[in-house]
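Trainee: Residues per chain are reported as follows:
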Amino acid sequence: MPRLLLFYRLMVRPLLQEPVRAALTVFAVALGVAVVLAIDLAGAAATGSFRSSMEALAGDNDLEVTASGGVPEDVVGTLVSLPYSIRISPRMENYAVIVDSKKSLPLIGLDFVGEGESFAQLDSASGAAPRVQENPQGPLEHFGDNDSIWLGTSLGYNVGAHIQLLINDQVREYTVRGVYPDSNGAESAIVMDIAAAQHALARYGRVDRILLKVPNAPGLNEWQQRLRGALPAGVEIHPQGTGTNENRKMLAAFRWNLQLLSYVSLVVGAFLIYNTISVSVVRRRPEIGIVRALGASRSAILFAFVGEAGCFGLAGALVGLPLGHFMATGAVKLMSATVESLYVSSQPGAIELSFTSALLALAIGVGIAVASAYSPAREAALVSPVEAMGRGRREYDVNIEKGRDLWLALALGLAAVAASRAPAIRGKPLFGYLAAILLVVASASAIPAFVHAITMFSSKLLGKLFGVEAMLASRSLAGSLRRTSVLVSALSTAIAMMTAVGIMVGSFRETVAVWMEDRLPADLYLRPGSSAAADRHPTISPGLAETIEKLPGVAAVERLRAYEIFYQEMPATLVSVDLDVLRTEPNSEYFSGRPREQVLAELRDSDAVVVSEPFTYKHGVKTGDSITLSLGEKQVTFRIADVYYDYSSERGSVLMDRKTMLRYLPDPAPSNLAIYVAPEAKLETVRAEIEQATAGHRVLLFSNRDIRAEAIRIFDRTFAITYALEAVAVIVAVMGIAGALLALVIDRRRELGLLRFLGGATGQIRKLILVEAGLLGLLANVAGLALGFALSLVLIYVINKQSFGWTIRFHWPVEILVAALTMVYAATVLAGLYPAEVAVRLNSLEVVHEE
Amino acid sequence: MKSRLACLAAALLFFQTLAAQYRTALPGYRYEFPHDHFSHPDFQTEWWYYTGNLRSSDGHRFGFELTFFRQAVSRDAAKTGAWEVKDLYVAHLALSDLDGGTFYHAERSNRAGPGIAGTSESQGRIWNGNWQILWDGNEQKLLAVDQRFQLHLTLRSEKPPVLQGENGVSQKAEGAGQASHYISLTRLTTSGSIELGGKKYDVNGTSWMDHEFFTHQLAPDQTGWDWMSLQLADNTELMLFRIRHADRSIDAYSAGTYIDAQGRTTHLRASDFVLQPLGERWKSRVTGAVYPVQWQIAIPRLGIELEAKSPLESQELTGKTKFMPNYWEGAIVLNGKRNTKPIDGVGYLEMTGYDRPVQLAPGG
Amino acid sequence: MLILSLQNVSKDYLSDGQRIPALSNLSLDVKRGEFVALVGRSGCGKSTLLNLAGAMDFPTAGQVLVDGVSTSSLEDAGLTRLRREKVGFIFQSFQLLHTLTVFENVELPLLLAGKPNAREAARERLAWVELDDLGHRYPHQLSGGQMQRVAIARALIHSPSILLADEPTGNLDTTTGNVILELLRRLTRQQNTATIMATHSVEAAALADMVVQLRDGKIEGITRR
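Chains as they are written, first to last, in the numbering used here: chain A, 9 to 859; chain B, 518 to 881; chain C, 216 to 440.
It should be emphasised that the hints constitute simulated quantities derived from the structure, not laboratory data.
Even for Gly, the Cβ is constructed at its ideal location relative to N, Cα and C.
Fair warning: there could be bad hints in the mix.
What the hints assert, rightly or not - Derived EDC-like pairs: lysine to aspartate or glutamate, alpha-carbon spacing no greater than 20 Å straight-line: (1) Lys603/B with Asp82/A; (2) Lys472/A with Asp424/C; (3) Lys596/B with Glu557/A; (4) Lys667/A with Glu557/A; (5) Lys246/C with Asp388/C; (6) Lys596/B with Asp82/A; (7) Lys603/B with Asp153/A; (8) Lys468/A with Asp424/C; (9) Lys596/B with Asp155/A; (10) Lys603/B with Asp155/A; (11) Lys221/A with Asp663/B; (12) Lys596/B with Asp153/A; (13) Lys221/A with Glu624/B; (14) Lys667/A with Glu554/A.
Unchecked claim - Reference listing, derived: stretches of chain A covered by chain B, where coverage requires no fewer than 3 residues with Cβ under 8 Å from a Cβ of chain B: (15) 84-91; (16) 203-216.
Claimed, not checked - Coverage of chain A stretches by chain C, computed from C-beta distances (three or more under 8 Å per stretch; other residues unrestricted): (17) 372-384; (18) 473-484.
So here's chain A without its partners, still in its complex pose:
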């Protein structure tokens, strides 16, 4: 206890006397912790607790039977006739939009007759399938009606309510026949009888999935083997939730990358703690000497300073917890939008601040603080009583071996280059991240020399340009080189990450924009009104394409059809295009560089496909290889004719001729139409005609320009969260700058007071501090830009390539960078305002005359 009391008196009380600076440090740590926590929580909600929305109502099954394009429904008959006691639950699975609320929900068709007892006999807590509440009037009497649906209670509809649903391109009327408890909306879905679902989707002959519950003996593998023998070649059987797991695997990289980005704020925070404790140590050398002379041991001193940092960490983490939870709600929206548009349809789970994640946040806060305080604290412990008592220099120590650090930086830089050339490890670009870390450390090592060189050599120039204050500021920064370097490192790391991500995203955006020029040759595009996503492909009523084809002014209509498939346990998209419709634009988008015509000619009505770049990356295939796809009941081997660039989804895509697809999956309904307007016709006229012709269908008609704008909008939304993360890192850094400048002011109060004696005006004092802030910002911007450029190369050519498999062409997003850097710069200068004010208000009489 005495130790604690001493700790309070010597360490905590001084902190309380500088509440603004202490608060800034605490808040910087809090933001760092909050961001990490927010990304963790939001990640868990948006992807981790992610169950594909279709799994929400899957119940406790063991195995699932799936096939690309749907399981032929005769398979159900085959399975039920097998002499095994297996529960067999066929399902139609799709999505529908509630017209009133625009809410998109899973649409699930269940066999109400075969599984009727599961639904009707309900109170047993079996947890199987949705529990349709009994209604005294007998709700099940309507299950055979094609307009009967059952909804989760959280949707707030009463039994008997009428509701309009948009399914594919049709709006249909339904009556709510019952509701089931859906645990806070997590299991919300539109449930109907399987016959009604087939009717609504106009999808006969196939079911989307068959869920199986098998007896315990003889084990899941054995059952899987036995049942596989009874299934057609193209039909697959897996443990239930395989799709979910695969999706989760796919999402892991996305989540992982975001998590790493969130750590940037922490790294910046660590720099700042290091700085704060260093200042604290330097400033209190005399006190340390006294305490040591009075009998404190080295470990007590170490403990005191580490403890001080621990206090910052703890306080920061405590503030960071609720902040992180709050930020997570925003992050979930951004993340689930990304997940939805790039990966898979899912409903984000609830944000749950669990005990462990709270504990983790505390540990991160305290841990990072203690770790970054260790080195200055050790320095404090090494202070000898005599040295500290003697009034030595109270300046921040200049003694840095700049030369040695430069060599270290060079070595680290070379190591980074080497690491960037190493391949991915189990799909994760671990070496890429190592390269990035090495670059950050290299930059931190080079910064003292850089800061010294710039400040020393520019001070004259600065003095000439901006007056004596600038000269003084630059000298003062050079004079406290270690502190300056740490600050510049912190801010430049944040700026570098921002720049790197900015360049990467900007390059990506430009690449996508250029790519779309090639990919979207048609004048108009038509898709169903129902919500589409990376893994959802609502269809357009067959016949609509023919109707449009006959309109005057329409030169050609191309039918595209997409299916979700699994290839080698990984989700992928199977697309067919209408090769009968000639497309004339000359741009090449294939790896081989061959003209499109030539490549597509190989596909015409043959078992050849082209695959997307991410597909080759995920499955390690190349042009000339063969892939075997399960289509309906068959297994078919296709030759890869070429590889195309594709930036529309992170999932791999396989593209084939429409005729080829119809041979295996005969459903003629297209997912999209690309409409070519005749050269002599007017686009607006044709558009109006099409709108008239499609009245009665809910379809969306996009002009070429619309669809590009839409794509870019989705793109920007996708990366909004990365920008947000970078912004937080920069805010942390700027707050750190403010705190550090404040410390600087307090430490140099004598010098500032002296300037008043020597005829300095208050305005000059203010300017001095602001120029220092500006110089810090400038140094950090220059260093950050350089580091950011290097990091962007790693991001684009190593991390992105290894994580997602996209070829991105480098592009300087000049406007964004200039705007961002200017903003950061302005923020840094603004961060000097308060310290400058403090400097002006210092009582120069007290600080100069010492007695």
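Using the hints provided, position chains B and C relative to the given structure of chain A.
Mentor: Leaving out everything else, chains B and C in the frame of chain A:
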């Protein structure tokens, strides 16, 4: 009669269809076999009903029941998808371990779907999932799988099909069409195996098949019935039923059939026989219903006097939902005299409407 | 010629709501070329008097006239201008900026005042204090005496009419201290400044034209020679 109407009442609650779309059972129907062993979709309701008494090589006695019901729901020609519910197929499976003292039963409902349930004359198949009958000439294979037991039986008919009732109809109440077409195979020599509790029993015995189709047959005041099939040691059989009213009186349309050793049939009217409970009662813990499990049978004009008793009192099938009715259906043993000579036999007994009146009409 | 005049000056400080008098009803006139020593114990008001004389602070009552201008009549900017033109400060612990060279330290007041030709002036002042060859050094490369000489050069860079020195020899050994005192006296004469030096040292006081004895914020006695 073979009234599994009970469970179909539940179906009627689901599907308020117009009986008017369907044919009714009228006198003069011309039977053709094997065609008439399969489905008659023109009639609203149809069932196939297999019961039997079996004994394993080491003397272990079993009773079994497997029933397939078909209830027409819709004949809307516009509905073409495989999953459209045109008929509801319900099936009951029960195994009575008479010496083990345990009764197992299971129930399932399905639509025809893509091969989930139905009948097929071309395949000689009547099925509901993996409970099925496969016709092969004069023989039928009965296969049924449950989590707890499995049946693999071969049934060979010793006699031609019996047409119950008079003039091709089995009248159940006053009025044309208040009747069913009713076919029975009254003596099916049975062999095969039963798997139960990890043990396989090779069994032999005799079974009985009933097949009825109709559109509506019972009148509203008829609240329950007792039905019995009897297979006597002298190679003759009897089918008897009595319909009960709410006031406990016995309906005049109660009836029966006697089949002699050569397969010739004699129609029995209510006045021709006595079928009444004796002292022993069994109370169901599940439903609270009290079933008479000891019966007296007398047919004076055939000189038959019998007492029927079940070796296992608890053979009640309880519906899994409130829509499904509860009934007692189980194996019985017979002892008595025929023209003063002792005679014994086996049979099956069904009792309905003991827990609540059987609902016979939609919404009724 | 009268350059500094303190007329019935009182100065109170507030400490925890208590008025603590530092100077009370004190009057003093100093002419150019005069070398004045302020002596007295710690806390007797020497530093307060210097601050008032250097236009760093205002009197609570009475007025301070620097070259005929009352400091109380000026705003912060006016005071700053006054200091830039008329006042030079020398401190016990030299108060050089460690990040600046000797030249730069000396130039600083001129630079702050935005005056031209600072380097030439600095070179000249350094010659006065006989340090003209050390202009490019940093303070930490100098001895204590050298540092104080640099500080004197800095204080004189703008040819102030008043030079205020607070214990200029307090951090120096006796020999060096004497050299500094001699230098101050010489420059006071040469530049015709009014030098007011607060000191504990009897030797230092002995060199002054006028010795003002302070005690509890009041003049106890003035000795002229």
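Trainee: Can you list which hints this structure breaks, lowest number first?
Mentor: 2, 3, 5, 8, 17
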